[in-house]
Amino acid sequence: MYRYDEFDTQFVKSRTAQFREQVVRRLDGRLTEDQFRPLRLMNGLYLQLHAYMLRVAVPYGTLSSDQLRQLAHIGEKYDRGYGHVTTRQNIQFNWPELVDVPNILDDLAAVEMHAIQTSGNCIRNVTSDPWAGAAKDEVEDPRPTCELLRQWSSLHPEFTFLPRKFKIAVTASENDRAAIRAHDIGIKIVRNEAGEVGYHIYVGGGLGRTPIIAESLNEFVSREDLLPYLEAIMRVYNRYGRRDNKYKARIKILVQETGIKQFTQDVDAEYAAMTPADVAVGPEELKRIAAYFAAPKFETLSDKDEAFDKAVILDPALSRWTQNNLGQHRKAGYTIVNISLKPTDGAPGDITSEQMRAVADLADKYSFSELRFTHEQNVVLPHVKRADALAIYKALQDAGLADANIGKVTDIICCPGMDYCALATARSIPISQAIAQRFADPERQHIIGEMKIKISGCINACGHHHVGHIGILGLEKAGVEFYQLTLGGDATETAVVGDRTGKGLSQTELIDGIERIVEFYIETREGQERFLDTYRRVGIAPFKEVLYADH
Amino acid sequence: MSSLKHKGKGPQVMTANGLRQGPVVYMRKDYSWSTVFAEALQTEDEAIIAAMGEAAQSASEANLIVGAYFIDIDPATSEPARYRERFRMNGPSFDPGRPTHIEHAEKTGPIHLSET
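Residue numbers (the working numbering), protein chains in the order written: chain U, 1 to 551; chain H, 1 to 116.
Next up, chain U with everything else stripped away, as it sits in the complex (with noise of 0.2 Å):
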């Protein structure tokens, strides 16, 4: 992974320091909360609804066995003993305190990791596929686009003021695991008939409260152009974005009222006005930067592994985990292992110092000291011999972290809520607790299937609600909260927005209408059908009936 050169270290090092001295003047009055703010805002500390929060930055989700373990040192000296993680693959402290946040830092320096740029209108956290490098089904390891991206984007003088947030994915895998088509920018990266590889943009996609899928922009550009190709986009963007209504100001919106046709005319006129030379990076700079992302040293092994076999055919409990949260590794006698943050009883992707430990520990022994966060709020152990898989379950066993349910309809997508956030309108993790509660049984969610909730509090939509198999937003009228409900929506490659189904339900009401469209749901497929072909083939009507069949 990559390690930070000198001047990495030097200006985070010099951060830090500024953020220090920052805090001591705001304490003593040198500096008025309204300046403050946008400085503590550009090192990920936020006032939510009970206190600070600090969110941290894990580039495209990628993290050390070390880091985890300073991150639960962390959670247990600086807040109460656990993180939780984002949709942007971050992590965040719900509960550090001001006078704390200058040494939590340092620490954070110390294993060359920062909270810039997780907040502020500027470009957020790349993030990308969790399963990168080890993936069976990727062109290439999408890791070392996210870092020239991040490099690129790291206090980038002329994005750091942008109309809005900017938020950019990368995936190099056919089967999109990073939703980039809910991005401002996404980027597949892609092979051309000649046998090239280059990027395929996407632009204008995003959530909140006008969701858009994001439409595509160039089916390729080359890896010499990504740079001015970009930085054409961001120019384009950054002049001609609204800075006049905050709701307007996305680039989705610009591309909208521009209209795709329009605003390719714009970026390709910008980067005809630009000397591509002085942005792009050269071939050297690029294979020294895939250097940091070369492959562990895999052992030749086969994928056979009788002992393993014959432990799941044993343990349904096993056989269950073995089928849910292995992925398919390029290399024979490898997997990919998810951990699941979806515990039946707690909040989705919450992780205690104690299970940090735990997993940079398997992370150590098993996975080549390597790490992921996903951005469904899980943990990924990338390169795991098969035959590693059955200690590894037992371990997470005793951790507390072998739930078998990746997903399935209980590995839910969930904002903080009301629980924390100061801009939540409805609360939505003891939603999403109902709903892993009525659905606890693991052999019927095995009976589901692939199924997608996912929850936001608000009309912000950080918990990805448009893009859910089922997805729900939560609201509040003269004090009582509801839930909307939208069907069919779709994160990956065959991307889409869900419908809404009609009037808000009560949180009763709305679990036992989400059990009636799964009943309904599993009547009605035919075949293999997943939940999302079931609705497409038959529509919104038949489940809409279902859902308010007690109104």
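If you are wondering where the hints come from, they were derived from the structure by calculation, not from laboratory data.
Each residue gets a CB set at the ideal place from its N, CA and C atoms; glycine is no exception.
Misleading hints may appear alongside valid ones.
[Stated by the list, open to error] Quick look at which bits of chain U chain H covers, simulated, 3 or more residues with Cβ under 8 Å: (1) 50 to 64; (2) 73 to 87; (3) 414 to 421.
Starting from the known structure of chain U, fit chain H onto it as the hints suggest.
Relative to chain U, chain H alone:
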């Protein structure tokens, strides 16, 4: 700070977050601040409300608290009328497997802030 004039109705309480540590705090009778809602000064007296606004302004300028504003109190329950404020008072409704917000507060004890 225009938010220091109340626009609500019925009894009022002044709330904010502590600057150094960040917790939700409420103004007490002596215009100091506490994390315990039960200690909050509740009043409908416009003269006292005006004095609370001034005291909050002063506490902001003294770098004691941040983001002060008045909240409406439901006279029937003597608790915050608005749903959001009830969450600020009670903490997260969901702390699975961890000490609840209230247990945590009991363990750490109340925080009191004052300018003197």
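Each hint, compared with the structure:
| no. | hint | verdict |
| --- | --- | --- |
| 1 | 50 to 64 | holds (count 3) |
| 2 | 73 to 87 | holds (count 3) |
| 3 | 414 to 421 | holds (count 3) |
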